[in-house]
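Take a look at the letters that make up each chain.
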Amino acid sequence: MTLPDIIRWLTSTPINTLVMDYRWTWPISESLHFCGLTLMVGTVGTFDLRLLGLVKGLSPAALHRSIRFGLAGFAISVITGSLFIFGQPDQYFYNDAFKVKVVCLTLLGINVCAFYGLEARRVLALAAGEDAPLRAKAIAAISLTLLVAIMCAGRMLTFFRP
Amino acid sequence: MREVLEWLERNDLSVFIREWSSIFGFPTILFLHTLGLAMVAGTSIAIDLWILQRSRLTLPISIDGLNKTMWAGFAINTLSGIALLLAYPAKALTNGVFYLKMGLVVLAVYIAARIHRDLLPTDGARVAAGVPPQARKWAYASLFCWMAAIVTGRLLAYTYNVLFAYQLP
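Protein chains in written order, with this note's numbering: chain A, 705 to 866; chain B, -17 to 151.
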């Protein structure tokens, strides 16, 4: 199956009709996409800032409890983002900014796996005021950089449309 | 009103923001507005969720780092927001949703400052009392205001009546 075949299939689905034929589907999805983004960047970014030493007054475990809301935000963004792709697939698959966004999202996923595989146990045992290990700080710095890159690539989508 | 909007959108800075075709022009301003949103609303929401999960206060408590991030985001959004407004003043200022969004942002920022005041300073007595009950109510109000501000902000792109002042009756 080639890329044009996938695009043809996506545009022939009822989801495409839902997105393109109803006036408010796209605006509402975009609003929810930004709400999800803010939830994710807010909770994950704050946790990253704690690991980097900016909010040492709170324990990492206390802030980590909010990560589930960030995951919910991510799920909302993925669902609404998928609606956009079903609506105008050619505007995304041939868009360099979208490719950068997908690469950054993949790297973010690998970075999350690295955190839970290597550092989570030590970090979540830290009390308020205690410093995070250097490797955890590196993971947090990578996470913050990728979050900013994802927002940047997402915002640039409009200006790189084919 | 129309004369003021025409003057605003014809001044050199407005024309420059609107018409400079570089990726570092209007697209970068839009990105900075999103980055600022994530910083100001994101950190504020993170504090709200921390409060709502009945977190215990422990010494030393300090959310000053988050507070600084929030205000830095607010500064970025104020500047980028002014730039976006200057680029298309008629588009924003003739749309009721714009005023609703600004009202929600002002309210959300006030609530964030109020929550910070309720949590700090943290002395021994405050730790023993835990997170004050009113802080939880403010946290719910803050979540609502930020989400509503984000929704109305995004809807600005779909609810405007005119793009330029000359289109006004």
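Everything labelled a hint here was simulated from the structure, so no lab data went into it.
Be careful, since some hints might not be right.
[What the hints assert, rightly or not] Partial list, derived from the structure: chain A residues whose beta carbon lies under 10 angstroms from chain B:
#1 Met705
#2 Thr706
#3 Ile710
#4 Cys739
#5 Leu741
#6 Thr742
#7 Leu743
#8 Gly757
#9 Gly761
#10 Leu767
#11 Gly858
#12 Arg859
#13 Met860
#14 Thr862
[Claimed, not checked] Here are a few chain B residues that sit away from chain A, every Cβ distance over 12 angstroms (derived from the structure):
#15 Asp46
#16 Leu61
#17 Arg99
#18 Leu138
[What the hints assert, rightly or not] Sample of chain B residues with no beta-carbon within 12 angstroms of chain A, all distances over it, derived:
#19 Trp(-11)
#20 Phe(-2)
#21 Phe56
#22 Pro115
#23 Ala131
#24 Leu145
#25 Gln149
#26 Pro151
In this text, all values refer to a predicted model and were calculated from it rather than measured experimentally.
The beta carbon of each residue, even a glycine, is placed where N, CA and C say it ideally should be.
Verification of the supplied hints:
1. Met705: With Cβ-Cβ at 33 angstroms, over 10 angstroms, it is violated.
2. Thr706: violated, 31 angstroms
3. Ile710: At 28 angstroms from the nearest chain B Cβ, A/Ile710 fails the 10 angstroms test, so the hint is violated.
4. Cys739: holds, 5 angstroms
5. Leu741: holds, 7 angstroms
6. Thr742: holds, 5 angstroms
7. Leu743: For A/Leu743, the interface hint holds, since the closest Cβ of chain B sits about 6 angstroms away, which is under 10 angstroms.
8. Gly757: holds, 8 angstroms
9. Gly761: holds, 3 angstroms
10. Leu767: holds, 7 angstroms
11. Gly858: Since chain B brings a Cβ to about 8 angstroms from A/Gly858, closer than 10 angstroms, the hint holds.
12. Arg859: holds, 4 angstroms
13. Met860: holds, 6 angstroms
14. Thr862: holds, 8 angstroms
15. Asp46: Non-interface label on B/Asp46 violated, nearest chain A Cβ at 7 angstroms vs cutoff 12 angstroms.
16. Leu61: With a cut-off of 12 angstroms, B/Leu61 remains clear of chain A, as the shortest Cβ separation is near 16 angstroms.
17. Arg99: holds, 16 angstroms
18. Leu138: violated, 10 angstroms
19. Trp(-11): Holds, because the least Cβ-Cβ distance between B/Trp(-11) and chain A comes to about 28 angstroms, which exceeds 12 angstroms.
20. Phe(-2): holds, 17 angstroms
21. Phe56: Non-interface label on B/Phe56 holds, nearest chain A Cβ at 14 angstroms vs cutoff 12 angstroms.
22. Pro115: Nearest chain A Cβ is 19 angstroms from B/Pro115, so the label holds.
23. Ala131: violated, 10 angstroms
24. Leu145: holds, 16 angstroms
25. Gln149: holds, 21 angstroms
26. Pro151: At about 24 angstroms from chain A, B/Pro151 clears the 12 angstroms cut-off, so the statement holds.
Consistency note: the structure conflicts with the earlier hints numbered 1, 2, 3, 15, 18 and 23.
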